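Number of protein chains: 2
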Amino acid sequence: MHKSLKNALVGAIEAGGTKFVCAVGTCPQDLDRIEFPSGDSPEHVLAQVTDWLGEQQRRRGKLQAIGIGSFGPIDLHRDSPTYGQITSTPKSGWRNTDILGAVRRVFPDIPLAFDTDVNGAALGEFYWGNGEGLHDFIYITIGTGIGGGVMVGGQLLHGLVHSEMGHLRLPRIPGDAFAGVCPFHGDCWEGLCSGPALLARAKMAAEAIPPEHEAWDRETQYIAYAVANLVCVLSPQRVIIGGSVRKGGQLGQDRFFQMVRARVRIALNDYLVSPPLQEDIDRFIVPPLLGDDAGICGAIALAQREIA
Amino acid sequence: MHKSLKNALVGAIEAGGTKFVCAVGTCPQDLDRIEFPSGDSPEHVLAQVTDWLGEQQRRRGKLQAIGIGSFGPIDLHRDSPTYGQITSTPKSGWRNTDILGAVRRVFPDIPLAFDTDVNGAALGEFYWGNGEGLHDFIYITIGTGIGGGVMVGGQLLHGLVHSEMGHLRLPRIPGDAFAGVCPFHGDCWEGLCSGPALLARAKMAAEAIPPEHEAWDRETQYIAYAVANLVCVLSPQRVIIGGSVRKGGQLGQDRFFQMVRARVRIALNDYLVSPPLQEDIDRFIVPPLLGDDAGICGAIALAQREIA
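Keeping their order, the protein sequence lines are chains A and B. Quick note: the first sequence, position 134, residue 1347 per this note's numbering, numbers continuous. Quick note: the second sequence, position 27, residue 1240 per this note's numbering, numbers continuous.
Don't take each hint at face value.
No copy is singled out in the list; a pair is fine if it fits within one copy or between any two copies.
When the alpha-carbon atoms are kept at most 25 Å apart in a straight line, the in silico SDA-like pairs for lysine to any residue are as follows [stated by the list, open to error]: (1) Lys1416 x Glu1268; (2) Lys1232 x Gly1408; (3) Lys1232 x Asp1495; (4) Lys1232 x Ala1418; (5) Lys1304 x Thr1231; (6) Lys1304 x Arg1478; (7) Lys1232 x Met1417.
If you're looking for bench data, these hints aren't it; they were derived computationally from the structure. On a predicted model such as this, the values are computed, not experimentally measured, just so you know.
All chains should be modelled from the sequences, with the hints used to inform the complete structure.
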């Protein structure tokens, strides 16, 4: 499985569709960090990122590696001509952005690790959070979009492209006429449950939606269908749900998770007999221990694993 | 990844809910085989199986290992007290059957390998079929039930229990009022698309359903939703569909696969840009090269891998 990490000084980039988070440090307790808005110009933000990493290197010493967790879809095949690029994203200005190449040009002699933002976050939780000691688990983020990182048998899942579990098709709740917001699929999971979907459904921000509003029932029911599907396919030991939506706005994170867990149990209907899916479900579906830092800590872990 | 196999003389058991297939041999081209109906008495059929394997050993020489691919749910954790048992199956008489123990008692000094029937079939296709050279692919069977074996990064997926992808929840086709036949979930994938589901929907056997019957439209549409979901979660390099239903009855296997492929492309809607999911989809969704022998050949592979 994974080698242990050595607390080497490394750089980290969490490349998101809304913002880039950058950090330099040796472990989650020792991070200098900064954020830049992603904007429409990859050249601009990547120059800000590499300038800042260069400054930190001059200040703290030679970076041993840089880890990059990126939004996607991205090309993860090291032997591909477009390795390290964001490929078919609908995000304006970002299609075919060579994110790894931009970092490589500024840091030509440092090992670089590149993976999805959600595989990075899964790795962060594996080393320092709720994935510790597990060989099969899922890290889901529900925010601007929905995505998931997957560990199977102690390895991050890559495959042909990489997981795009946010685009799962789900059963519709009877009477729910909300069309969904995914430009590709309408009412896939992301189309029904992302932050923008919740806003479109309730016509107010999550923080303003009252706890008894029907939007929370539907949000947690669709998430439960998706999690039950993931359990049937991947048989994880745990499901970690991060991102902004899981905080539950006025409903609160605890109540949000209680609703999801109860509905996953109903969806599975005790077909799979295993305590984590039954009486121990409170420890099976959990928020990230690293909170909103799972992604950037994961990029640190990607970097440190590259030289372990 | 996997070590190469050495064509050792081994025994193989494909334990199905309807029949047990047993074989002894060194490779798919050299198999002596027999079948027994599963029936309601595990003791009875397991005695037939072990008697036959003993006879073959006396005839052909010492078996170097025995591989067992079993229907389930089963316990695959070597350190569990119920390792090697069929656990929570609804099949009459079979709950808590210690299938591995029954073989172990008769063959106390031979290495035994135990996995799901579908992981076994995936392994058979990996060594001798349409999974050759692939590190990430799925083997699905659609017959009495629906199940799938999964290879991720060159390893068979196990996790908390094992994959039970037949119980995926899917969007309903508008106007389709068929309730589904799964005793646990009603209209999950297996409830909508297994052989018994197709029979219940069309009120005739697959072989009798005319090609233009609506049942084929619905069967292939739900399979397409499920395959699209599996693509989003697992990002396989290929999806192999075996089992009896994929032969398509009067529709024919070629037309059946054409309909599934076309509908997977519509479901994915070119969100994932990769030739196997687009122009090369004819080579992405395929029947097993080993045909109906994927399972028993897989049990041979399980045995040979155990001693490789």
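Going down the list of hints, with the structure as the test:
In this homomeric assembly, Lys1416 and Glu1268 never come within 25 Å of each other (Cα to Cα): the closest approach is 43 Å inside a single copy and 72 Å across copies. Proximity of Lys1232 to Gly1408 under the C-alpha cut-off of 25 Å is restricted to the intra-copy arrangement: shortest distance 15 Å within a copy versus 49 Å between copies. Proximity of Lys1232 to Asp1495 under the C-alpha cut-off of 25 Å is found in neither arrangement, the shortest distances being 32 Å within a copy and 39 Å between copies. Proximity of Lys1232 to Ala1418 under the C-alpha cut-off of 25 Å is restricted to the intra-copy arrangement: shortest distance 19 Å within a copy versus 56 Å between copies.
When the C-alpha separation of Lys1304 and Thr1231 is checked against a cutoff of 25 Å, the pair qualifies only within one copy, where the shortest distance is 10 Å, while the shortest distance between copies is 51 Å. For the homomeric pair Lys1304 and Arg1478, the shortest alpha-carbon distance between copies (22 Å) is at most 25 Å, but the shortest distance inside one copy (36 Å) is not. For the homomeric pair Lys1232 and Met1417, the shortest alpha-carbon distance inside one copy (22 Å) is at most 25 Å, but the shortest distance between copies (57 Å) is not.
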